[in-house]
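First to last, the sequence lines map onto chains A and B.
In terms of my numbering, the first sequence opens at residue 756 and continues consecutively.
In terms of my numbering, the second sequence opens at residue 756 and continues consecutively.
Since the hints were derived computationally from the structure, they do not count as laboratory data.
Wrong hints could be hidden among the right ones.
[Claimed, not checked] Reference listing, derived: stretches of chain B covered by chain A, where coverage requires no fewer than 3 residues with Cβ under 8 Å from a Cβ of chain A:
{"no.": "1", "segment": "787–794"}
{"no.": "2", "segment": "1078–1091"}
{"no.": "3", "segment": "1096–1108"}
{"no.": "4", "segment": "1125–1133"}
[Unchecked claim] Some but not every residue of chain B turned toward chain A, in silico, with C-beta under 10 Å:
{"no.": "5", "residue": "800"}
{"no.": "6", "residue": "811"}
{"no.": "7", "residue": "817"}
All values reported here derive from a predicted model rather than from experimental measurement.
Backbone N, C-alpha and C fix where the C-beta goes; we use that ideal spot for every residue, glycine too.
Number of protein chains: 2
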Amino acid sequence: MADSAMTVRYAVVVTIGVFLLKSCSGEETDIKLDKKAQLLHRLDSLNLLLYTFLLILTVLTIWTFKHRRLRFLHETGLAVIYGLIVGAIIRYGFTNSSTIVHMPVVPEPDGSHYNQSVPPDTLWLRFPESKGDGTTKNKTFAYSFRGEIYKRDNEIDLKATFDPEIFFNIILPPIIFHAGYSLKRKYFFRNLGAILTYALIGTTISSFVIGALMYTFIQLIPHLASSFTFLDTLYFGALISPTDPLTIISIFNDLHVDVNLYALVFGESVLNDAVAIVLSGSIQNYAERYQSGSGGFETWAFFQALGDFIRIFSLSLFIGATMGCVTALLTKFTRVRDFPLLESALFVLMSYSTFLIAEASDLTGVVAVLFCGICQAHYTYNNLSVDSRQRTKQLFELLNFLAENFIFSYIGVSMFTFPKHHFDPGFIFAGFFCALLGRAVNVYPLSFLLNLGRNPKIPLNYQHMLFCAGLRGAMSFALAIRNTVSDARQAMLTTTSLIVILTVILQGGATTQFLSWFNIPVGVDEEVEVLSYNGVRSGGSLSMGGSTSKTNEKALLARIWGNFDTHYMKPLLTHSRPTLLDTLPVCCGPLARILTTTQQMTQDNVARRVDSDSDLCLEDRDTDRRRTSIQPLGTVTGEVSPGQQPLHTRVALPGLIGRHL
Amino acid sequence: MADSAMTVRYAVVVTIGVFLLKSCSGEETDIKLDKKAQLLHRLDSLNLLLYTFLLILTVLTIWTFKHRRLRFLHETGLAVIYGLIVGAIIRYGFTNSSTIVHMPVVPEPDGSHYNQSVPPDTLWLRFPESKGDGTTKNKTFAYSFRGEIYKRDNEIDLKATFDPEIFFNIILPPIIFHAGYSLKRKYFFRNLGAILTYALIGTTISSFVIGALMYTFIQLIPHLASSFTFLDTLYFGALISPTDPLTIISIFNDLHVDVNLYALVFGESVLNDAVAIVLSGSIQNYAERYQSGSGGFETWAFFQALGDFIRIFSLSLFIGATMGCVTALLTKFTRVRDFPLLESALFVLMSYSTFLIAEASDLTGVVAVLFCGICQAHYTYNNLSVDSRQRTKQLFELLNFLAENFIFSYIGVSMFTFPKHHFDPGFIFAGFFCALLGRAVNVYPLSFLLNLGRNPKIPLNYQHMLFCAGLRGAMSFALAIRNTVSDARQAMLTTTSLIVILTVILQGGATTQFLSWFNIPVGVDEEVEVLSYNGVRSGGSLSMGGSTSKTNEKALLARIWGNFDTHYMKPLLTHSRPTLLDTLPVCCGPLARILTTTQQMTQDNVARRVDSDSDLCLEDRDTDRRRTSIQPLGTVTGEVSPGQQPLHTRVALPGLIGRHL
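Model the full structure from these sequences, guided by the hints.
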């Protein structure tokens, strides 16, 4: 994880300072610079230490909560609250003595560089240093480009803040990858139509509705009307639309809420993050290319933005899926699984390179890792050794946990310490109202339309729950803090932070209430579900057999994909049966033989069978893992009871290796 | 992991540029800046991608080697070789079109800031931007401090290079922590005297001998004599002294070389890294404070440097050990082990905060995490749940693998791409000669002295093997690249890189040869060793019962510590028996009762017994883990054979819960 990355504000000064200045000459300026660099390095360390302690505190408190079975507060909610408290202490408890010294400069008299239209990358400042004997000696210092200054007086010292780009390059990728990697794919694919509808269409509608409404609101408030364009409010709509129902998901897990509702809530939240980041990028591009702040509309620019959206989304998806498949091929056709450490390293490196490839191609790395994660879980996971499965799952679970809690405690702290907040009561009120309405516009009309063509309809109480699962989280905040150059953007950041904080704490805290109000069935046993669905699934239909033509088509698409996946993708990418020898036409025999491993053809040990019905296997292990890590070990799995091994409780798909182990 | 961290050279420009410039105004300069920032971000991503691909290539190749049981090349050696190849391709294959634009500047005419002795933190450049209509508009851009420029013409573009500080803040900590966490403590403590002698005294002697010899050499070469001071060569001695015998260790593991030789080689290499980093820091401080390049000697300054060394080393050790013990207490007295994810997160956060605390206190984070790792393994590990033990072990093993291979491939690549190399044949030759001699001066005289007082003497063939295990690695390189401001430092970097590359490839490749030349016993069964030592150990003596008074004293110290550890530290920090109720005097009864958990008093399940003889348990699991990850699963442990569970193959310590499970 790197580029740009952890560039805490003055990190650069510090490190390069330390590096360049640790020379052997002990002159006054050098020593002072060295001291300063050391001081800054210590401040940096303290800064990180603050967040580390916040996380330790969160972990210990949430343990107490879980220990006492209190469910009203999720760890992320707690992280926000602790963040707020510590932020307030930093803001009001310490006066900042270290000030940054600015010096206005002009080019050297010859002025030859003034002809360029872009500011230079580096400035060289000749700095006269007075020596002990009264003479001066010129030293040259390098300064590197940081960016434009909009208000000279707004450059106050940043305390406990990080470069916003770290969220996109360090914090979000593991969260999103984990979401893809831990997706319960069976239920996800079964509800794919509804999930795609909510995530793609719903998020877009929600963005535009919020954008339009906010714009209307703002026209009513004179002092805001001038500083916001329609594109600004549309951008706000895009960034506030993605949901992040961590608390809800975790409580669903604890209480074993119906898996289909679970799939709808989780699936939507995973995909709408991807939609929102690409959508906001397209709006940004549209704004940059064809606007100069007037808020007008150009048809061609609009279609270009639409093209941008489709291109970036689909190419990122393609890169992610491809890299996932390449990893699957590598793990299938080499025996690297004999060396779990190498295998895990390969897995991590391939996944990380997906992010980098997408970023290097000017696409969206976050979207690419999401689909890479889904493919890794769907194909590669089945080829991995037992050791690597566990290792990769646990690794990303841990990274996800740390990253999530870090970002939420940062949201809390930055509420007080980030210097570019702009509290505007009107905008905040409008923001809350529109966010609620945007969620409603996403859920209810689309559910109605979906129900026209869905066989197991989405009941009204599920719709209410979906509405209430509209918590906002990491993605909204990351998008909001990425750009805080104007008053408008600063007001958006403040409103977004407040919406995130309040929804996470209030909506999150009321989840169990919602569940009982809406009579959502809890304690549903997943195994039962699995069995009752088996007939439908093995028959090839993915439970989408609806009535209208549109849904039929979708069901057809899903069916085609399901068949293709079972007959060609899985045999190619994993050790599953049927092999390509069975599914490819006879003329492709030689090719099929090359692409079929001997392991795939001989079914002689346990590992093989685990591979074969990988889907179910993965998901059950999944559930198991979730439970063991969220609930006490003793109560669910028992500690080392040999009679209960996750591997052997699987229910096999009828038609494949269909016997209970 | 953060501060300073991943600041690839222009990362800052990129990220802050992107962040500040993604505004809605679409003027020419903005668009150009935006394009430039995007380009730089892409270059950054490509840069990281290069290393990711190098690592993927290394993983796949090393798999082939292991698969074919080729042992002549370790993965780090391979990473270096691939790095060299790719570095050469980058250097000679691409011409660099993107140039950095520099502009010399002077302060604005009023010149009020010239009075300060330290250069300002930020420069503000007013930049006239010509608009389409012929007028110009002033924009102000901020530039942040980077460091002093020594040679204006030496600022060529850096390709594929990173800020050297990332090694100290990102790459080394997990490597060093893993070394501490995976130390086979039993054998380490048994050979503690010898290991401390080699690491502390040996490394210091070696540094001074190399420093003095190099200085003598350099006086013979006229063009070098002027640019090197004695402190420079002493610094070189300190940075080239620590050994990093990764290849050797890995082959020792594969071939089951005698565990005591293993402990000597590994233990020394772990500790001499810590000694070298503190030693070089003290030399640096000494140089900075009291020298101005003349190479003289001041008694007081020398003693202050000595004080620095002792203070920094012992305080870092203290912080590391304390944080390790605090983690042990936290995991003992809370039931956080019921939630493995929280527990693992706590473990990681506490370990990372150790690094940060040490850095924030101006101490050495790397040394602190080493001792934190040792304490975590010695105490905390026994309190962890089975899930967390595995998770933390696997996590750090993976991080260690990635970090190690990254640094070695970087050594390879930077040999060609780092612009500050200075090839001086004389210095390189002298460096190689002195490095060899320094190693000899460390091993042979000290072994002779040790053998005077050791009961199981260190035979001559072991000494030869110790000499041959003097590979140089990550720490030497990181120390050398940290400071490349002068010609002397650049020559040191080049020589260090070459020494690292050649020792890793040649000495590493010849390890099996060495083993057979020196008749080192291989295939030694650790269990046998364990049993034969049990009598000695349970009697309280740590096999150090030597003959001379000096060794007796050391054995006495070790015995006192061993007793204290068994009677007070372990009962306090872990769930082991005997409890404090048994060991503390009667008057401390109430206190002892508070500090003893009910879990510790009732011995009713397996988990408890695992805790009790934790040392052996950990080490055997250790060996097991090592083997599973280095050797094929099938050949050593079998895949899911239920009769062979690592937990149940332990040999219990007689006198404790001494029955075979």
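Against the structure, the hints:
For the segment 787–794 of chain B, the assignment as covered by chain A holds, since 5 residues bring a beta-carbon within under 8 Å of that chain's beta-carbons and 3 suffice. Here's how the segment 1078–1091 of chain B fares: 4 of its residues keep a CB closer than 8 Å to some CB of chain A, so the rule of at least three is met and the hint holds. Given as covered by chain A, the segment 1096–1108 of chain B passes the check, having 10 residues with a CB less than 8 Å from a CB of that chain where 3 are the minimum. With 0 residues carrying a beta carbon less than 8 Å from a beta carbon of chain A, the segment 1125–1133 of chain B misses the three-residue requirement, and the given coverage is violated.
About 4 Å separates the beta-carbon of residue 800 of chain B from the nearest beta-carbon of chain A, less than 10 Å, and the hint is met. The restraint placing residue 811 of chain B at the interface with chain A holds, with a minimum CB-CB distance near 5 Å, inside the 10 Å limit. Interface restraint check for residue 817 of chain B: the shortest CB-CB distance to chain A comes to about 7 Å, inside 10 Å, so the restraint holds.
Checked against the numbered hints above, the structure violates only hint 4.
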